[in-house]
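*Asks:* For the protein sequence lines, the chains are A and B, in the order given. So the mapping is simple: this note's numbering equals the position in the first sequence, first residue as 1, plus 514. So the mapping is simple: this note's numbering equals the position in the second sequence, first residue as 1, plus 78.
If you're looking for bench data, these hints aren't it; they were derived computationally from the structure. Please note that a few of the clues may not be correct.
[What the hints assert, rightly or not] Heads up, simulated DMTMM-like pairs for lysine to aspartate or glutamate below, C-alpha to C-alpha not over 25 Å straight-line:
#1 A/K683 x A/D672
#2 A/K683 x A/E666
#3 A/K679 x B/E84
#4 A/K679 x B/D82
From a predicted model like this one, the values you see are computed outputs, not experimental measurements.
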Amino acid sequence: MSVVNLQAAPDDSSSLLRLARDGNAAAFEALVRQHQASVFSIGYRMLGRRDAAEDLAQDVFLQLYRRLDSIETLQHLGFWLRRVAANLAIDWLRRPAPSATQALDTEAELAAPEVECDPLMTRALARLLGELAPAARAVMVLRYQEDLEVAEIATALDMPVNTVKSHIKRSLTALRGKMIGAQLVSSEELP
Amino acid sequence: MSQDIENELRRAMRAIDPPADFTARVMRNLPPRATVTAIAAARPAARPSLWTRLSAPVALAASLLVAIVLGQHMATQQAERQQLAGLEASRKLMQALRVTSQKLDLAYEAVQRPPPVAPPAEENRS
Chain A
515 MSVVNLQAAP
525 DDSSSLLRLA
535 RDGNAAAFEA
545 LVRQHQASVF
555 SIGYRMLGRR
565 DAAEDLAQDV
575 FLQLYRRLDS
585 IETLQHLGFW
595 LRRVAANLAI
605 DWLRRPAPSA
615 TQALDTEAEL
625 AAPEVECDPL
635 MTRALARLLG
645 ELAPAARAVM
655 VLRYQEDLEV
665 AEIATALDMP
675 VNTVKSHIKR
685 SLTALRGKMI
695 GAQLVSSEEL
705 P
Chain B
79 MSQDIENELR
89 RAMRAIDPPA
99 DFTARVMRNL
109 PPRATVTAIA
119 AARPAARPSL
129 WTRLSAPVAL
139 AASLLVAIVL
149 GQHMATQQAE
159 RQQLAGLEAS
169 RKLMQALRVT
179 SQKLDLAYEA
189 VQRPPPVAPP
199 AEENRS
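Hey, can you work out the whole structure from these sequences and the hints?
*Replies:* This is how it looks when you write it as structure tokens:
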């Protein structure tokens, strides 16, 4: 297996894809590093457990390795990874497994980038998100974590655009209601 | 407030890095490339399309519907045939009764008619 100098051209991602398709392990490893946070986070937000998220991400990248020949561009790669991760997570959640879901805030050791925000609100929102139905949760994760457009989410999850919009609207309403119930916000703050 | 919640969601859902050895474990678990190519060539997409997933139940439902409609049609036709046969049998029975009635009338008339008077042949001899 040939070795490619990835440091020499860190931004040349198209050639990474080409090299990975040609069987270059270092190039594939670089692609994994580029996308692993996104895939792992989708798994974590969907499944609520670090170990399950790792398993899911491993599975997604294994599927990518098997289907590299069908990936045409880097944009396609990113979309493909999100799509497979979200759908796989929905499948796992629908499987009758006793440990399918767990509250997100039990995994407090997870390292996240430091940004200015209310940690209490952040944790509560993450926990409340975990209470949504699998499909609705996937929509919210793709919308607010991955910043996908409604049409892209519809394509990724194989559902009508109006269903995606409906999921977002209903989930936001539910989250707002739960936040009021948990006294994270007061009803006076609502419009 | 809606915008606030959306912003809070975006903040709460920042990407999280997997464990440090994640990439190495992915690379360790990869199968040989030749095996991968063979598997990829033999296997279709990971998640079948909506139509592919629904085609079997739709086909089954359509078959059931056709079977029900055909069954109803055949049952109706059989009922019509039985009704026609019944009418034909009834018509034949009425015909037979009419013929029998006519024969009985003739027989009755024959019985009721007085017998013809025989000529007194014995008296002439003596």
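*Asks:* Hints first: check each against the structure and report whether it holds.
*Replies:* Verification of the supplied hints:
With a C-alpha separation of about 18 Å, the suggested pair A/K683 and A/D672 falls inside the 25 Å cut-off, and the hint holds. Of the pairs offered as hints, the one joining A/K683 and A/E666 holds, with about 17 Å between alpha carbons and a cut-off of 25 Å not exceeded. A distance of roughly 14 Å separates the Cα atoms of A/K679 and B/E84; the hinted pair therefore holds under the 25 Å criterion. Straight-line distance between C-alpha atoms of A/K679 and B/D82 comes to about 18 Å, which keeps the hinted pair within the 25 Å bound.
Going down the numbered hints, you'll see the structure goes against none, and every one checks out.
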